[in-house]
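First to last, the protein sequences are chains A and B. Just so you know, we're using our numbering here: the first sequence kicks off at 23 and counts up by one. Just so you know, we're using our numbering here: the second sequence kicks off at 3 and counts up by one.
No lab work stands behind these hints, which were simulated from the structure alone. It should be emphasised that the depicted structure is a prediction, and the values quoted were computed from it without experimental measurement. Fair warning: there could be bad hints in the mix.
To be verified - Think about it this way: if two alpha-carbon atoms lie no more than 25 Å apart in a straight line, the pair counts; the simulated SDA-like pairs of lysine to any residue are: (1) Lys112(A) to Ser6(B); (2) Lys291(B) to Leu386(B); (3) Lys291(B) to Glu67(A); (4) Lys60(A) to Lys810(B); (5) Lys116(A) to Ser6(B); (6) Lys114(A) to Leu5(B); (7) Lys810(B) to Phe133(A); (8) Lys13(B) to Val110(A); (9) Lys112(A) to Ala8(B); (10) Lys156(A) to Gln374(B); (11) Lys81(A) to Val295(B); (12) Lys114(A) to Gln374(B); (13) Lys291(B) to Asp93(A); (14) Lys291(B) to Glu71(A); (15) Lys26(A) to Asn135(A); (16) Lys291(B) to Thr131(A); (17) Lys810(B) to Asp93(A); (18) Lys810(B) to Asn135(A); (19) Lys13(B) to Leu130(A); (20) Lys81(A) to Arg14(B); (21) Lys291(B) to Gly109(A); (22) Lys116(A) to Arg14(B); (23) Lys156(A) to Pro368(B); (24) Lys112(A) to Val295(B); (25) Lys810(B) to Gln136(A); (26) Lys60(A) to Pro368(B); (27) Lys13(B) to Glu67(A); (28) Lys13(B) to Ala108(A); (29) Lys13(B) to Lys156(A).
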Amino acid sequence: MDVKHGESVAILGPSGSGKSTLLGLLAALDSPTSGSIKLDGVALEELNEESKASLRKQKVSFIFQSFMLVDTLNALENVMLPAELAGVTKAKEKAEAMLERVGLSHRLTHFPNQLSGGEQQRVAIARAFICEPKVLFADEPTGNLDSANSDKIADMLFELNRESDTTLVLVTHDMELASRCQRQFIMDSGCLSEKPSEQMSAIKGAEEASAWS
Amino acid sequence: MELSLAWRLFKRELSQGQLLLIILAITLAVLSVTGLASVSERLQMAINGQASKFIAADRIIDSPAKIDPQILTLADKLGLARVGSMQFNSMVYAGDAFQLVTVRAVEQGYPLKGDIELSSGKANGLPLADNIWFETRLGGLLGYPEQIELGNANFNLSKEIIRLPDAGFNPFASSPVVLMRIEDVAKTQVIQPGSRVTYRYQFTGDTSQLTAFEAQAKPLLNTSQRWVDVQSGDSPIAGAVKRAERFLLLASLLGIALACAAIGIAAQRYCQRHYDVVAMLKTFGASAKQIRVLFGTHLLLVTTVGVLLGLLGGFALDRGITAFLPIEIAAYTPPVGRPIMLGIATGFISAFMFSAYPLMRLLAIPPLRVLQRQLEGLQLGMWLHLILSLGAMALLGYLYSQSLALTLTVVAAVLLLGTLLSVLGFFMIRLGHSVGMKTTNPLQLALAGLRRRAKQNAVQLVGFSSALVLLLTILALRQDLLQEWQKQLPENSPNYFLVNIAPEETQTISDFLAPHLKSSPIIYPVVRGRLTEINGEELISNAQKQEGSEGRVGISRELNLTYQSSLPPNNEILEGEFNQDTFDVSVESGVAERLGLSIGDSLTYTIDHQPLTVKVTSIRAVHWETLQPNFFMIFTEQALAPFAYTSMSSFHLEDSQRGLILDLIKQFPTVSIIDVGAMVSQLRQIIDQVSLSLSLVLVLVLLASALVMIAQTEAGMATRQRELAVLRTFGASGWLLRAATGLEFALLGTIAGILAVVVAEFTLYLLKTQVFELNVYMHWPWWGIAPLCGGLIVALLGIWRCRQLLNKSCGELLKGH
Numbered sequence: 023m024d025v026k027h028g029e030s031v032a033i034l035g036p037s038g039s040g041k042s043t044l045l046g047l048l049a050a051l052d053s054p055t056s057g058s059i060k061l062d063g064v065a066l067e068e069l070n071e072e073s074k075a076s077l078r079k080q081k082v083s084f085i086f087q088s089f090m091l092v093d094t095l096n097a098l099e100n101v102m103l104p105a106e107l108a109g110v111t112k113a114k115e116k117a118e119a120m121l122e123r124v125g126l127s128h129r130l131t132h133f134p135n136q137l138s139g140g141e142q143q144r145v146a147i148a149r150a151f152i153c154e155p156k157v158l159f160a161d162e163p164t165g166n167l168d169s170a171n172s173d174k175i176a177d178m179l180f181e182l183n184r185e186s187d188t189t190l191v192l193v194t195h196d197m198e199l200a201s202r203c204q205r206q207f208i209m210d211s212g213c214l215s216e217k218p219s220e221q222m223s224a225i226k227g228a229e230e231a232s233a234w235s
Numbered sequence: 003m004e005l006s007l008a009w010r011l012f013k014r015e016l017s018q019g020q021l022l023l024i025i026l027a028i029t030l031a032v033l034s035v036t037g038l039a040s041v042s043e044r045l046q047m048a049i050n051g052q053a054s055k056f057i058a059a060d061r062i063i064d065s066p067a068k069i070d071p072q073i074l075t076l077a078d079k080l081g082l083a084r085v086g087s088m089q090f091n092s093m094v095y096a097g098d099a100f101q102l103v104t105v106r107a108v109e110q111g112y113p114l115k116g117d118i119e120l121s122s123g124k125a126n127g128l129p130l131a132d133n134i135w136f137e138t139r140l141g142g143l144l145g146y147p148e149q150i151e152l153g154n155a156n157f158n159l160s161k162e163i164i165r166l167p168d169a170g171f172n173p174f175a176s177s178p179v180v181l182m183r184i185e186d187v188a189k190t191q192v193i194q195p196g197s198r199v200t201y202r203y204q205f206t207g208d209t210s211q212l213t214a215f216e217a218q219a220k221p222l223l224n225t226s227q228r229w230v231d232v233q234s235g236d237s238p239i240a241g242a243v244k245r246a247e248r249f250l251l252l253a254s255l256l257g258i259a260l261a262c263a264a265i266g267i268a269a270q271r272y273c274q275r276h277y278d279v280v281a282m283l284k285t286f287g288a289s290a291k292q293i294r295v296l297f298g299t300h301l302l303l304v305t306t307v308g309v310l311l312g313l314l315g316g317f318a319l320d321r322g323i324t325a326f327l328p329i330e331i332a333a334y335t336p337p338v339g340r341p342i343m344l345g346i347a348t349g350f351i352s353a354f355m356f357s358a359y360p361l362m363r364l365l366a367i368p369p370l371r372v373l374q375r376q377l378e379g380l381q382l383g384m385w386l387h388l389i390l391s392l393g394a395m396a397l398l399g400y401l402y403s404q405s406l407a408l409t410l411t412v413v414a415a416v417l418l419l420g421t422l423l424s425v426l427g428f429f430m431i432r433l434g435h436s437v438g439m440k441t442t443n444p445l446q447l448a449l450a451g452l453r454r455r456a457k458q459n460a461v462q463l464v465g466f467s468s469a470l471v472l473l474l475t476i477l478a479l480r481q482d483l484l485q486e487w488q489k490q491l492p493e494n495s496p497n498y499f500l501v502n503i504a505p506e507e508t509q510t511i512s513d514f515l516a517p518h519l520k521s522s523p524i525i526y527p528v529v530r531g532r533l534t535e536i537n538g539e540e541l542i543s544n545a546q547k548q549e550g551s552e553g554r555v556g557i558s559r560e561l562n563l564t565y566q567s568s569l570p571p572n573n574e575i576l577e578g579e580f581n582q583d584t585f586d587v588s589v590e591s592g593v594a595e596r597l598g599l600s601i602g603d604s605l606t607y608t609i610d611h612q613p614l615t616v617k618v619t620s621i622r623a624v625h626w627e628t629l630q631p632n633f634f635m636i637f638t639e640q641a642l643a644p645f646a647y648t649s650m651s652s653f654h655l656e657d658s659q660r661g662l663i664l665d666l667i668k669q670f671p672t673v674s675i676i677d678v679g680a681m682v683s684q685l686r687q688i689i690d691q692v693s694l695s696l697s698l699v700l701v702l703v704l705l706a707s708a709l710v711m712i713a714q715t716e717a718g719m720a721t722r723q724r725e726l727a728v729l730r731t732f733g734a735s736g737w738l739l740r741a742a743t744g745l746e747f748a749l750l751g752t753i754a755g756i757l758a759v760v761v762a763e764f765t766l767y768l769l770k771t772q773v774f775e776l777n778v779y780m781h782w783p784w785w786g787i788a789p790l791c792g793g794l795i796v797a798l799l800g801i802w803r804c805r806q807l808l809n810k811s812c813g814e815l816l817k818g819h
């Protein structure tokens, strides 16, 4: 599997097929027992925990199905968090701008439990983009949302992705969301195969299973 | 950055009430340490202060000759107040009458503590030159003369002494006391080379001065000089004070242990709550150092707030208790440094050492938890947690009590409880391995719940049982100590002593007193004699021993010997049988030990220049604190019959009967009456004060236990909610769930109760044998009461804590976090 800079890629597959495991490996959250993963030219399997953390800080960001906001911090503080960890100056101003960008400038001081699911995920999106990551990993970003909110979140995600020229790796089993990505991969029982684009023949099927290196 | 983030997290969590439990736990630990330390320091000062009035000083050096001036220079350098005096026996004459008296010749400044009580009230100053103050009965003995002759000088008899502050309690001091200025001694020319004189040097100062003085002066003393302080065992108060002090320490120590348990549980909860935050921070690239600094700072802030609140609370506690104390005690202001330092140390040591293990686990949370929620990172060895927690407890215990025995006892109790709990937890998990929730009836459901939460329950039991252990231990010990004291000083302890009763007066005095007393007084004949030989081997003096003589060292003074036909009250035979034959003697155990006596040894006394040889047939323990006449040696009447004797007795009179004493003085002018009522009431007061502080400690302990229990149920709330949600969804009735929850907690409480009794009995055994010297016995009623009460209290508390969950609708349960 090879993902180019600025591409958007969806990984599809049934529950338990290994999508999240793959995401963990690609995002330098986990270490492979064999094989090799290169992220922006760096071989992940050669890094220790600290270097992986530093790499994540500089190049990677995340959006989760369950939002993963810190309950005790308000929207603004949640968005500031990664920027502060990375030592970005003017983190507050940037966070305010990001929240305005996702339409939540009136919700800055609200706590997660005071926000709807859609709003929480918008906060998470703002948080994901504040450090201008090279790669954004999204794990079922619309999985916990109703269809209207799902669409809004998806629009926002792809728009921001385009604007900031970020590479997007998205794990989902929502076909519609996956179809908005430039490329689609299918994960099945630990095997990954790229789904040909719609213009290409559907017959090619999934047998072109290829291991990635 | 981490600092500002830590501050922000702290601020937010504080305002949302999430840190309440851990802060409360720290506050309580600090509060109890600071508060109790100040109170006990105040009590200690007051007790010592009052007791030191009995020796009219804080420290005394008694010496047969003038002491090394170096010691006095040292005292001056350290800023101690001091006063010297001489004591010797001499004859005084008034016309044809003469009497042996004990002369106290004192320097200006005497007494350093307490007052000289005169018949006209408290004395102001000392006798003028050429004047003597005299004990009331001397007047009677000499026929109330205006002047007396002492050696080569004449003195005016100016004022009557009721009591000297350092007269001590010696009913055998049969010669009346006179008080004069030390400058007047020279002109009497009574003191010649070889005269028997006791030089007494009294010192007062603050604790640090006295400690320094003791450290430097004591080594300069020789063996014939004696160092006396309030606690050196001479005063009957010393024993009571020491035990009370140790009890107060122990109670606070156990209180600290419990507060530590609360901190431990709260810290675990605190760390669990942050698992997701740490995983998230790591995902966004936080380095290990950043997270360490972040949570280190966070915990530091939490601890600081807890410590500050605790110090304030401790201060308030001290104030509160002081307000209830009598003014004589409240007037003492102990230095605040030690309680504050102890409080701060307790807060930080307990917060950080008890949090260390949960914190390590927190820091080890893998970032992958954001995707796989069940991940908890490294399972570090529990032994580490155990070592750290026990270490913290032992360190704090030792810092606070400075007593290894107490500290080790507490640690041993904690270890036993821990072992029992792990065994129990293991069996609960192994034996309870059955499938399903068993939702048929509440008991089944409760049992299933217990098994399912076996591991968590083992932790919960720590809290419940340690709180119970503590309560039981404190209650039992308090009861035993109070009883012990009551036994020593029953309501009608003797408050008057009669000495110098002539043989022919014995019966008349007995008849005189009998109608006014509840029981006729025991009259003890007193014969003075010196122990000269043991098993035919002559005894030597201390001085001879030092000069290199071989032999056993005897008692250098004359002893008071008595005879009784049966064993007097407050005496207990340890070995042998009480006097059966004429030449049997019963020996007090302390003396027997000092002289190396055992049953069958023969003792030879010299009485009136005549030898008397007797055989040791019993060894007795004597309760010296009882204020009854007590004797080292008790003979048979036949053995002492040939010798001259006077008698003594003691009895109790109510205040309303005081008039009787005046009649007694009139009818029996030669009998000396010693009023010890003041001393008895002082003893009682001290015991009351200590009891009060004990009750306060109990209240604190109860607070700490409640906190632990709340911390415990709090920890299990989230899983319980999920379970209730599922059971509710599938149609379990509200009644079933309430009954099952109640029963589950009740069972837990019952188990805790049983464990607590086992550990409490063990702890009490250790404490009574190693620390308090009390009788060990089993508390059988506890074995029923503790499990019952444990079950009831924990069930009520559990239902109360879960009432919101139990009242929630299915939808609310499913939605809730």
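- Under the criterion that the straight-line Cα-Cα distance not exceed 25 Å, is the pair Lys810(B), Phe133(A) satisfied? 24 Å, holds
- Would the pair Lys13(B) and Ala108(A) pass a check requiring their Cα atoms to be no farther apart than 25 Å? The hint holds at about 22 Å.
- Message: Next pair to validate is Lys13(B) with Val110(A); report whether the Cα-Cα distance is within 25 Å.
- Response: Holds, at roughly 22 Å.
- Query: Holds or violated: are the alpha carbons of Lys81(A) and Arg14(B) at most 25 Å from each other?
  - Reply: 29 Å, violated
- Are the Cα positions of Lys112(A) and Val295(B) separated by 25 Å at most? Roughly 22 Å between the alpha carbons, so the hint for Lys112(A) and Val295(B) holds.
- Has the given pair, Lys112(A) with Ser6(B), been kept, meaning a C-alpha gap of at most 25 Å? Holds, at about 14 Å.
- Message: Need the status of pair Lys116(A), Ser6(B): alpha-carbon distance at most 25 Å?
- Response: 17 Å, holds
- Within 25 Å, alpha carbon to alpha carbon, are Lys114(A) and Leu5(B)? 16 Å, holds
- Message: Check the hint pairing Lys810(B) with Gln136(A) against an upper bound of 25 Å on the C-alpha distance.
- Response: 21 Å, holds
- Message: Lys13(B) and Lys156(A) were given as a pair; does the straight-line alpha-carbon distance stay at or below 25 Å?
- Response: The given pair, whose Cα atoms are some 33 Å apart, is violated under the 25 Å limit.
- Within 25 Å, alpha carbon to alpha carbon, are Lys291(B) and Leu386(B)? Holds - the C-alpha atoms of Leu386(B) and Lys291(B) are around 22 Å apart, at most 25 Å.
- For the pair supplied as a hint, Lys156(A) and Gln374(B), confirm whether the alpha-carbon distance does not exceed 25 Å. It holds: about 24 Å lies between the C-alpha atoms, which stays within 25 Å.
Going down the numbered hints, you'll see the structure goes against 4, 12, 15, 16, 20, 27, 29, while the others check out.
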